[in-house]
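Chemist: Residue numbers (this note's numbering), protein chains in the order written: chain A, 1 to 114; chain P, 1 to 115.
Among these hints, one or two may not hold up.
[Stated by the list, open to error] Example chain P residues on the side facing chain A (calculated, C-beta under 10 Å, incomplete):
{"#": "1", "residue": "Y35"}
{"#": "2", "residue": "G109"}
{"#": "3", "residue": "R111"}
[Claimed, not checked] Some residues of chain A that are not near chain P, with every Cβ distance over 12 Å (derived):
{"#": "4", "residue": "N12"}
{"#": "5", "residue": "V83"}
{"#": "6", "residue": "S84"}
Think of the hints as simulated: they come from the structure by calculation, not from any bench.
Cβ atoms here follow ideal geometry from the backbone N, Cα and C, with glycine treated the same way.
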Amino acid sequence: AQSVAQPEDQVNVAEGNPLTVKCTYSVSGNPYLFWYVQYPNRGLQFLLKYITGDNLVKGSYGFEAEFNKSQTSFHLKKPSALVSDSALYFCAVRDSGNTDKLIFGTGTRLQVFP
Amino acid sequence: NAGVMQNPRHLVRRRGQEARLRCSPMKGHSHVYWYRQLPEEGLKFMVYLQKENIIDESGMPKERFSAEFPKEGPSILRIQQVVRGDSAAYFCASSPASGDSYEQYFGPGTRLTVT
Chain A
1 AQSVAQPEDQ VNVAEGNPLT VKCTYSVSGN PYLFWYVQYP NRGLQFLLKY
51 ITGDNLVKGS YGFEAEFNKS QTSFHLKKPS ALVSDSALYF CAVRDSGNTD
101 KLIFGTGTRL QVFP
Chain P
1 NAGVMQNPRH LVRRRGQEAR LRCSPMKGHS HVYWYRQLPE EGLKFMVYLQ
51 KENIIDESGM PKERFSAEFP KEGPSILRIQ QVVRGDSAAY FCASSPASGD
101 SYEQYFGPGT RLTVT
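Using the sequences plus the hints, can you model the full thing?
Modeler: Set out below in C-alpha cells:
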C-alpha cells in the first residue's frame with residue numbers, strides 16, 4: 001500500500017533562517033509527489049510537484065523540494081523563512097491505480113517566529 | 001477564472017438530519033474528488049467522480065454517504081442521518097483530466113458540525 005509519512009508534527013524556525021519540512025514515501029512504481037499548504041480555515045493550496053526530471057523542484061512562494069529516490073524522501077525547503085509561512089503543510093503521493101486520488105501525510109505545522 | 005467553489009462554508013446539523021454539501025469545480029474541469037479532514041488529521045480520500053460517473057468510491061463509508069456529479073450543476077456529497085462522528089471539514093478538489101501531470105485544485109471546504 002502506498003503511504004506518506006511526515007515525522008514531525010511541528011517545526012519551529014526563526015524568521016530569516018532556512019526551513020525544512022520532512023516527508024518520506026512508500027510507493028510501488030514511480031512516485032508522483034506533491035506539497036500543499038493550508039492556512040487556518042482555508043482549503044489547500046498547491047505548492048509544487050515532482051513527476052519526473054530534475055530532483056530539485058521549485059514551487060510557489062520561494063519553496064522548493066528535493067526528491068531523493070535512495071532515501072525515498074521529498075523534503076520541502078525554503079532558504080529564508082517568513083512569519084507569513086506559518087501554516088500547516090501536507091505532503092501527498094498520487095495513488096498508482098487508475099483514479100489519481102491523493103494520499104496525504106498527517107501534516108506538519110510550521111511556526112515561524114519573528 | 002474562479003477557483004473551486006464549495007457551499008455552504010459552514011453547516012450545522014442535528015443528529016439524524018441530512019447534510020448536503022455542494023462543489024462547483026473550476027471551469028473546464030471535469031474530474032471531482034471529495035476528501036474529509038477530521039480535526040488534527042490529514043485529508044482522507046472519499047470519492048472520485050467524473051460527469052455522471054462514480055469512478056472510485058473506495059473511501060466512502062458504506063452507509064449513509066453518497067455522491068453525485070450530474071451532467072449539469074455541482075457535485076453533491078450527501079450524508080444521511082448524520083452522527084457526531086461526521087463532524088469534519090469536507091474538501092472538494094478538481095482537475096482538468098486524469099494523468100500524472102495534473103495537480104488537484106482544492107476548494108475552501110465545508111465545515112460540518114453535528115450537534
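Chemist: Let me know if the C-beta of R111 (chain P) comes in closer than 10 Å to any C-beta of chain A, holds or violated.
Modeler: Constraint on R111 (chain P) satisfied, holds at 8 Å.
Chemist: Does V83 (chain A) clear chain P by more than 12 Å, comparing its Cβ with all Cβ atoms of that chain?
Modeler: Correct as stated: the minimum Cβ-Cβ distance to chain P is 23 Å, above 12 Å.
Chemist: May I ask you to check that N12 (chain A) keeps its beta-carbon over 12 Å from the closest beta-carbon of chain P?
Modeler: holds (18 Å)
Chemist: Using Cβ atoms only, decide whether G109 (chain P) comes closer than 10 Å to chain A, and label the hint accordingly.
Modeler: holds (5 Å)
Chemist: Would you settle whether the hint for Y35 (chain P) is holds or violated, based on the nearest Cβ-Cβ distance to chain A being less than 10 Å?
Modeler: holds (8 Å)
Chemist: Is the claim that S84 (chain A) lies outside the interface with chain P correct, judged by CB distances over 12 Å?
Modeler: holds (19 Å)
Every hint from the earlier list agrees with this structure, and none is contradicted.
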